[in-house]
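Based on the sequences and whatever the hints tell you, model everything.
Each protein sequence line maps, in turn, to chains A and B.
The first sequence lines up with residues 1 to 323 when you count with this note's numbering.
The second sequence lines up with residues 1001 to 1324 when you count with this note's numbering.
Be aware that a few hints might be false.
As the list claims (entries may be wrong) - EDC-like, lysine to aspartate or glutamate: derived pairs with alpha carbons at most 20 Å apart:
id	chain 1	residue 1	chain 2	residue 2
1	B	K1157	A	D153
2	B	K1157	A	E282
3	A	K61	A	D94
4	A	K225	A	D153
5	B	K1043	B	D1033
6	B	K1225	B	E1215
7	B	K1082	B	D1057
8	B	K1060	B	D1048
9	B	K1012	A	D153
10	B	K1012	B	D1033
11	B	K1012	A	D161
12	B	K1082	B	D1059
Treat the hints as calculated values from the structure; they're not laboratory data.
As the structure is a computational prediction, the values presented were derived from the model and not from experiment.
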Amino acid sequence: MVKNESGQNSPDVYDGSDLVPQISGLKSMWRQLRNNPLALWGLLLLTVFLVLAVAGLLLTKGQSPVMDPEKVRLVDTLKPPLSRANTDVLAPADRPAFGIYLLGTDKLGRDVMARMLQGAHVSLLVGFISVGIAVFVGIILGALAGYYGNYIDSVIMRAVDIMLCFPSFFLILTVVALLPASIWNIMIVIGLTSWPGIARFVRAEFLALRKQDFVVAAEALGLSKPKIMFLHMVPNAIAPVLVTATIDVASAILTESSLSFLGFGVPPPAASWGNILSDGKEFIFDAPWLFIASGLAILITVLAFNLFGEGLREALNPRLRER
Amino acid sequence: MFSFFSRSLVEKVITLFFISIISFSVVMLAPGDPSEIDPMNPKFTKEDIQRLRQAFDLDKPLHIQYYRFYKKLFTNELRSYKDNQPVLAKITERFFNSLPLFLVGTLLTWCLAFPLGIQSALRRQSLFDRSTTFFSYLFISLPSFFLAYVLIIFIVKVFHVPVLGLQTFGRESVSWWYFVNDRIWHLVLPSVLGAIGGIAILSRYVRSQMLEVIEQDYIRTAQAKGLPENTVYYKHALRNALLPFVTMFGLTLPGLLGGSVIIESIFSWPGMGRLGYDAILARDYPVILSLNFIAACLVLLGTFISDVLYMVVDPRISLTGGKS
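And the structure:
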């Protein structure tokens, strides 16, 4: 169980630093995860894509980036991958890095490699921030519902029921379409529609934790309720949230690409994998690399998140852990 | 029994009321106004805009708009902003277009997901299990429209059949054989695409549920007393493993709208999802809100059906006892 030395400290010298409980069974979770090749592959791919996203951020940001994802070169439209840039016509400043289009160009002659790199961080950002919002709202509401119970619980759970009644994709589409086009709106809307699941998990965990010794002890010490809830109970309830969050990131990336497909995704000129893919669908015969590169990128990333999330879920399942 | 129905009815009406408020305020408070849909049109004078706003109640305070809107919805007087057609008639027509897609898709999902899930649970860690696991992750992770485009190209190139739309344009007067054939070809691809994601997800659920049940003591008992494997698995285990899916059966209803927006847009299938998408593009608030309301009704109906089914199937749950 969780280590909690709060009994030995008097409340007035308590500084909190030694009391933050460690997630129990982290080691056994890793041991379980290590035996799951699919989950390990997922983790590996995730790391690769995170590195790519950071690299993409560094390479494509700034006034004169190494690879400019927004540079329009009308002499080099729809070039296949690995083709050389038209150096006779293009000014040196307009040429892609090393004079080669690694993944070809799109209908405006923009470097697809640069756009994919920028898209990596945009797409992952959409995934992480929208899930971050969902986790934040979900943890707070779930914790309140689970800790206080009674009418607070009923009100929050009713709200959860109501949220679950909305056809989520249709709601997201409606709101995103009616609001001004912006990447932040997309993140916020996806985040605000996907918290109910997380709130339910946190509430269920809290109901189980509520009567445990360390919570009773913390209450007896007179700690403030927010401190008990968010410093002591949340770290113990976070494990199932992590699993859901991992899988939710995957579905947020998919939702963004679906929105892009319908014309309401990340607004241009910023690139996301979703809008590269939906631009690419018009040139599926003339420039299949647009379609394939972005489609594969989405597929592999989402697959990685799903595999890793499922691996976590299995590692957390005590019945499977015993074996 | 009666008290269960009445309580659940009251609960659902209250939920619907809040849903209607939330969706109404989300749509109405969003920036922009339907009267600004064509701002560059010189024939569109200020007076016209005023007149339109008045005709659609847009100049009144929100709570009065709300009241009038839902009153019109329930009395079937609601008309679309776009073409002044009655909204409910429009939705009904589209509903019957979506229905075959939904039915075939659901049928495919349920008929394929269960055998796949059960088999991969029974042959845990076998090649079959590993490959179904891999493919289900693959299909869960694919953007549906990516797969759709690839499949459209494949089908059209290999079988030379038209697949977009409800039926081939101008084929209304051919013999019934061609007509049926044509309709079926048009139905196959969108429903298969709609089903693929569902099959992938559902077969995973079935697998884990089956694995859970196989571990139970009563299965070991059944095996220990020497029952044939098939009896143990398909009579003892399966019945208990299937229990949670009774609830899921009701929850597939809302897929009629939500799951179909993308597929129907790709295949220009004149269904509910497509109607919703067009309404969003045109800021056709009555259609958007009515669709949202109907979708919420479908969800609530689905949960109600699954509650009832659950109680019918599982004798441990009594009809009079409420769920927490």
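Outcome of the hint check:
no. : hint               : result
1   : K1157/B to D153/A  : 57 Å, violated
2   : K1157/B to E282/A  : 17 Å, holds
3   : K61/A to D94/A     : 16 Å, holds
4   : K225/A to D153/A   : 16 Å, holds
5   : K1043/B to D1033/B : 18 Å, holds
6   : K1225/B to E1215/B : 16 Å, holds
7   : K1082/B to D1057/B : 15 Å, holds
8   : K1060/B to D1048/B : 17 Å, holds
9   : K1012/B to D153/A  : 18 Å, holds
10  : K1012/B to D1033/B : 31 Å, violated
11  : K1012/B to D161/A  : 10 Å, holds
12  : K1082/B to D1059/B : 18 Å, holds
Checked against the numbered hints above, the structure breaks hints 1, 10 and satisfies the rest.
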